[in-house]
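**Q** Below, each chain spelled out in residue letters.
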Amino acid sequence: MNKTQKWILWAVLLTILALYPIVFGIYYSNVFVTFAIFALFAVTLNLLLGYTGLLSFGHAMFFGTGGYGTAIALEHIEGLPLLPAVLIGVLAAVALALILCPIMVRVSGTAFAMLHLAFGQLMYVLALKLRVITGGEDGVGGFPIPPFSIPGILSIDMTNPLNFYYFAIAVLGLSIWFIWYFTKTPLGSVMVSVRDNDNRVAYMGFMVPQTKAIIYVLAAAFAGVAGSIYALFQNLIAAGDGFHILVSFAPIMMVMVGGIGSFFGPIMGAAIFGIIEELTSRYTERVELVMGLILILVIMFAPLGFLGFLRYIKERWFGKRPDMTTTEDVA
Amino acid sequence: MDPTTAMYVAQGIHGLAYGMVLFLVASGLTLIFGMMGILNLAHASFFMLAAYFCYQALTITGNFWLALLLAPVAAALLGILVERFLLRKVHAFGHIGELILTIGVSLVILEGVKVFWGTESLPLRVPPILQGLVSIGGLDYPIYRLFVIGLALVVLGIMALLLYKTRLGMVVRAAVSDANMVNALGVNVPLVFMFVFGVGTWMAGVAGVAIAPILTVFPGLADQMGMDAFIVVVTGGLGSIARAFLVSIIFGLLSSYGVQFVSTLAPVLMFIFMAIVLVIKPMGLFGERE
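Protein chains in written order, with the numbering used here: chain Z, 1 to 331; chain U, 1 to 290.
Here chain Z stands alone, though its shape is the one from the complex (with noise of 0.2 Å):
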């Protein structure tokens, strides 16, 4: 693809993601919205699963503190501006991240998964029973959302929902374009190999733990981006949607239904996602057992998720061998 291409294809892009909300109209921009909150979510967890070979049971808890961040911010600092606003509430994910990645870039494999899920429930606990701070069972919520204004030139109300869309899918595309950059970055290289063979990795120079922990400050920082504009988005962050242990794995299931194998794939799986509970939400009460069957389907049929489904009907119908070069992302 040469560059007048990839130009025509960002417009056509962007025109799309302006114009959703006006032909499909305020319901459809909110459900797409939840969309792509859960789609930067799901990227950040394929940067630890997908790419450095990390699986985390506790990814909620940067969700989570993202979002009450960002509400807390909002409920006790009296006009406090919204980025400064969004900002706290990341800076909030980086100090978790930061506290708790000594320990957990030196443990791999099952460890690594159960040290996040111990970490993921403390984190859950907390929220429910500091009440004075957290609100307990029912969280934080009817904060004042500010406007997004720059002094002096604009101010922009964000109850609007339209205004607001456009605003969060700004930060929230922003989000997921910084973290496909840096896939490409040698830095981002790295992490790959780091999934591959560690040792040799250390062999050749590169200092492991700390390509860790960068990564992981990383993901949790975005997974706090998309965790304060959840709240800003619902005006109500509560232990529930923030720290449940579903929230945790709501991001795996996604990566894995989508694709592990891109950096898409997991964009894709929150799409199925979001789809798939709007359909039957409409038709059944029965939500759940809908999700189960289709998550046993999906791992019984396609283990490799959407994208290699994709991939595997490509190679078998239309003949050609699978492109080598596809799969410099993940393998």
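Rather than coming from a laboratory, the hints here were simulated on the basis of the structure. As the structure is a computational prediction, the values presented were derived from the model and not from experiment. Watch out, some of these pointers could steer you wrong.
[Claimed, not checked] Cβ pair distances, simulated, as ranges:
# : chain 1 : residue 1 : chain 2 : residue 2 : range
1 : Z       : 297       : U       : 61        : 33 to 41 Å
2 : U       : 60        : Z       : 281       : 32 to 40 Å
3 : U       : 150       : Z       : 138       : 39 to 47 Å
4 : U       : 195       : Z       : 283       : 39 to 47 Å
5 : Z       : 170       : U       : 191       : 53 to 61 Å
6 : U       : 280       : Z       : 181       : 35 to 43 Å
7 : Z       : 246       : U       : 264       : 22 to 30 Å
8 : Z       : 293       : U       : 2         : 57 to 65 Å
9 : Z       : 283       : U       : 69        : 35 to 43 Å
Ideal Cβ placement from N, Cα and C applies to all residues, glycine included.
Knowing the structure of chain Z, use the given hints to seat chain U on it.
**A** Below, chain U alone, put in the same frame as chain Z:
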């Protein structure tokens, strides 16, 4: 005995009973997750399912002992079906495949239970012989909790005998340490693993029946217990019944005394304990480095 000591002893008995039930669930999980390396998040769902089976058997037959016998076996049969037709096929994809599959299975079981039995909590009456209190050394103990402790000890004994004193147990231990080798020696390893999975699920079922009269039967039963059981298995270091026993008892006592002394933070204590253990020894409390 003065009231303070009596209180301590009573809390101790409560903790012991909870620890024992936890041990029943966790020891099944030790077999499945710790020994066979199958990440089974649906384990606690079978635990809950057995409680519902027990309720159903009790309403049909009216005999608690029969329900105690039948419900875990029914749960175990279902577990074997899941292992044979679903789990075995995704074992090649490692823990993530099993994670997705067993989350799916647990969601299906949870929703199925809600369809068949509804969402309200169903009370379960124990036979008169297990009701009431018994007085030992000037203190009153609820008989049912003592019964639960005894039941868990019996199951522990059976398991220990089976694993360490029979030929079958020997084959299981060998298959766990090197499945390929045992397979090459002419043992049907998949069959052995299916059996082990069934036994593990059966133990979860026994625990489900044991806890049902204390907590009543409701769909949320699986959540708490499943998480706790995982923590026990991981904290103890994967793959030993004896360690799972010890850690279960520690956790049971931790939770009952925790409620008494730092009531708001009691649910956190287990996670803190686990985190501390794993930070110091990533392979678990008694685990050895691989």
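**Q** It remains to establish, for every hint, whether it holds in the given structure.
**A** Status of each hint after checking the structure:
{"no.": "1", "hint": "Z:297 with U:61: 33 to 41 Å", "verdict": "holds (37 Å)"}
{"no.": "2", "hint": "U:60 with Z:281: 32 to 40 Å", "verdict": "holds (36 Å)"}
{"no.": "3", "hint": "U:150 with Z:138: 39 to 47 Å", "verdict": "holds (43 Å)"}
{"no.": "4", "hint": "U:195 with Z:283: 39 to 47 Å", "verdict": "holds (41 Å)"}
{"no.": "5", "hint": "Z:170 with U:191: 53 to 61 Å", "verdict": "holds (58 Å)"}
{"no.": "6", "hint": "U:280 with Z:181: 35 to 43 Å", "verdict": "holds (39 Å)"}
{"no.": "7", "hint": "Z:246 with U:264: 22 to 30 Å", "verdict": "holds (24 Å)"}
{"no.": "8", "hint": "Z:293 with U:2: 57 to 65 Å", "verdict": "holds (59 Å)"}
{"no.": "9", "hint": "Z:283 with U:69: 35 to 43 Å", "verdict": "holds (41 Å)"}
The earlier numbered hints are all upheld by this structure, with none contradicted.
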